[in-house]
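Top line first, the protein sequences correspond to chains A and B.
Its first residue numbered 119, the first sequence is counted upward by one per residue in the numbering used here.
Its first residue numbered 119, the second sequence is counted upward by one per residue in the numbering used here.
The set of hints was computed from the structure by calculation and includes no laboratory data.
Be aware that one or more of the hints could be misleading.
Computed cross-link-like contacts, BS3-like style, restricted to lysine-lysine with a CA-CA straight-line distance of at most 27 Å [unchecked claim]:
| # | chain 1 | residue 1 | chain 2 | residue 2 |
| --- | --- | --- | --- | --- |
| 1 | A | K283 | B | K447 |
| 2 | B | K311 | A | K283 |
| 3 | A | K253 | A | K460 |
| 4 | B | K120 | B | K223 |
| 5 | B | K283 | A | K420 |
| 6 | B | K120 | A | K337 |
| 7 | A | K250 | A | K456 |
| 8 | B | K120 | B | K418 |
| 9 | B | K120 | B | K460 |
| 10 | A | K279 | B | K120 |
| 11 | B | K279 | A | K445 |
| 12 | B | K460 | A | K279 |
| 13 | A | K279 | B | K445 |
| 14 | A | K418 | B | K445 |
| 15 | A | K414 | B | K456 |
2 protein chains.
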Amino acid sequence: MKYQNDILIRAARGEETERTPVWLMRQAGRVLPEYRAVREKLSGFIELCTTPELAAEVTIQPVDILGVDAAIIFSDILVIPEAMGLPYEMQEARGPYFPNVIQNKSDVDRLLAEEAADHLQYVYDAIDITFKELKGRVPLIGFAGAPFTILAYMIEGHGSKTFSKARRFLYNEPVVAHALLEKITRATTTYIKRQIDAGAALVQIFDSWAGILPPDQYKEFSLPYIKQICEDVPHVPRTVFSKGAFFIRDEFAQFPCETVGLDWNMDIQESRKMVGPNKVLQGNMDPCALYLPEDKIYQKTKEMLDAFGPNKHIANLGHGLYPDTEKSKVKFFVDAVKELSKR
Amino acid sequence: MKYQNDILIRAARGEETERTPVWLMRQAGRVLPEYRAVREKLSGFIELCTTPELAAEVTIQPVDILGVDAAIIFSDILVIPEAMGLPYEMQEARGPYFPNVIQNKSDVDRLLAEEAADHLQYVYDAIDITFKELKGRVPLIGFAGAPFTILAYMIEGHGSKTFSKARRFLYNEPVVAHALLEKITRATTTYIKRQIDAGAALVQIFDSWAGILPPDQYKEFSLPYIKQICEDVPHVPRTVFSKGAFFIRDEFAQFPCETVGLDWNMDIQESRKMVGPNKVLQGNMDPCALYLPEDKIYQKTKEMLDAFGPNKHIANLGHGLYPDTEKSKVKFFVDAVKELSKR
């Protein structure tokens, strides 16, 4: 496949590029009035995820409106537990909520593994539509949650500051936890392969709750499963974003992925030293910095680009866009990256 | 003042001790049925904080029941904003909630600074009663929130995963933010001095939300104010616990405090290298590890003690006790530290 703008793919392969590519986590979302207009017509977030035409529409919006170098399919990491047999609701005030949770081995036994991917046709359809409508303008990023983050929701049942129920499970039921992680990994690998088949040119694994684990547990319960997924999809550039897992950066030096995501707590130079010279780094502007006036956003963007250096960097935020960010400032950031990074 | 058990004070001064001292964050709290019995008689958490006899009673409970080497006064970091003029409620499901928040310079101007400490007589009374009732058995720890964490609540109005409103304020209103931080610092310093006057033998500063700031903002908006407080109370051992601020550990090497708290994400040997040889380290067992069976708690405790080494360590958790931990396991942990660390 040949893209009119393939700068993200070339950068993700470690090639020198004419400028730094840029996209934003949560670029398809509430920050765009055009997204809110689509969303208002529907009963909820999940309906938008499961309606391929509309998911494709909001996926493409930021390419048109913000000028980012990639689209990322509009979806949710929690479609995997749902497809495995554990449905969830999205509650306006609370966030995701699972009426049933995983409590023991027989709960795990009842879940689907590879076959879960068969229940996510609506995602492949959305990717297919997006791919066709993009007509090769920019590549499309596919994604999934890391198995540990998915497990955390499947056991806790909802978001949490401590995820103490999920972490208790890791301590007291390590065998069942590994069985669950293995099953999630099989479901996720199959799911990602189908996303690639449908048109995703790069993939990102989001370990959103990486930061709640002690280092030894992260090495036991999260990293090996992300590794397995990455090893099983070697034909597209792979990004791993383990939010908050500052303690694991040196493990990525030899990891089977091309790009490592950094959050805004992670010092750029220190991270480069820990991750080593071979990986591409992605990130890591503080999403709150987009609340600044434009001249200061410009300055912060320059500081970030200078710290990363001209190569092996994909500009992004250190977390998803906050929904109350002004659209004009998001666009300003994208333009600033493009202008300031020009060789 | 001479204590029958002064091992915590000696360890905090960097002296070699016959074993490692131990206490637990949130040791006075819901983990003890004896606490819940007191709490049930009252309308809420804030009533317990503001009733000196009962606050003293629950402060002493863990000394009797768990055998910890110190009491820590039962109170809340949010009594400071309340005393400065910003009252809060404690909502069962949501946690703390401020009906009014700080939005601009004139809101800051209306707040009390040093005089806020005059409104916290109930805390000094609780310390005074505790001190008398302890009869020198163990020392009493006083505490306060770090100015940045207090500011975060005063602007956001409640707990938050991102504190994006508070962080936006730091970016867009740095002058007002510094004015607010300075005022909180003056209130807090006076408050801590009065706690010491009333009987607190050590103090701890909790920067509970340290981990949400980028390193440069942490160095600008948090650390200097903690430093100022520490410099103003040089006569008792001072502990700083900046939860999640892994990126700041090397700054503590020369910091005006005796002890640095570590959370359970922070590798012990790496932290020792960053903080340097002179400080005492406090922590850092994962609170979830207390859900394990006793033989495994024993093993985890041994691993932690071995990693810290015999000196310049105060055993604790890496965060507050989770309320659903079994009391017998908390006691087991305390006993395991005492037994395993005996020289």
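Now the hints, each set against the structure:
{"no.": "1", "hint": "A:K283 / B:K447", "in the structure": "17 Å, holds"}
{"no.": "2", "hint": "B:K311 / A:K283", "in the structure": "39 Å, violated"}
{"no.": "3", "hint": "A:K253 / A:K460", "in the structure": "26 Å, holds"}
{"no.": "4", "hint": "B:K120 / B:K223", "in the structure": "47 Å, violated"}
{"no.": "5", "hint": "B:K283 / A:K420", "in the structure": "24 Å, holds"}
{"no.": "6", "hint": "B:K120 / A:K337", "in the structure": "46 Å, violated"}
{"no.": "7", "hint": "A:K250 / A:K456", "in the structure": "26 Å, holds"}
{"no.": "8", "hint": "B:K120 / B:K418", "in the structure": "33 Å, violated"}
{"no.": "9", "hint": "B:K120 / B:K460", "in the structure": "22 Å, holds"}
{"no.": "10", "hint": "A:K279 / B:K120", "in the structure": "41 Å, violated"}
{"no.": "11", "hint": "B:K279 / A:K445", "in the structure": "22 Å, holds"}
{"no.": "12", "hint": "B:K460 / A:K279", "in the structure": "36 Å, violated"}
{"no.": "13", "hint": "A:K279 / B:K445", "in the structure": "22 Å, holds"}
{"no.": "14", "hint": "A:K418 / B:K445", "in the structure": "49 Å, violated"}
{"no.": "15", "hint": "A:K414 / B:K456", "in the structure": "54 Å, violated"}
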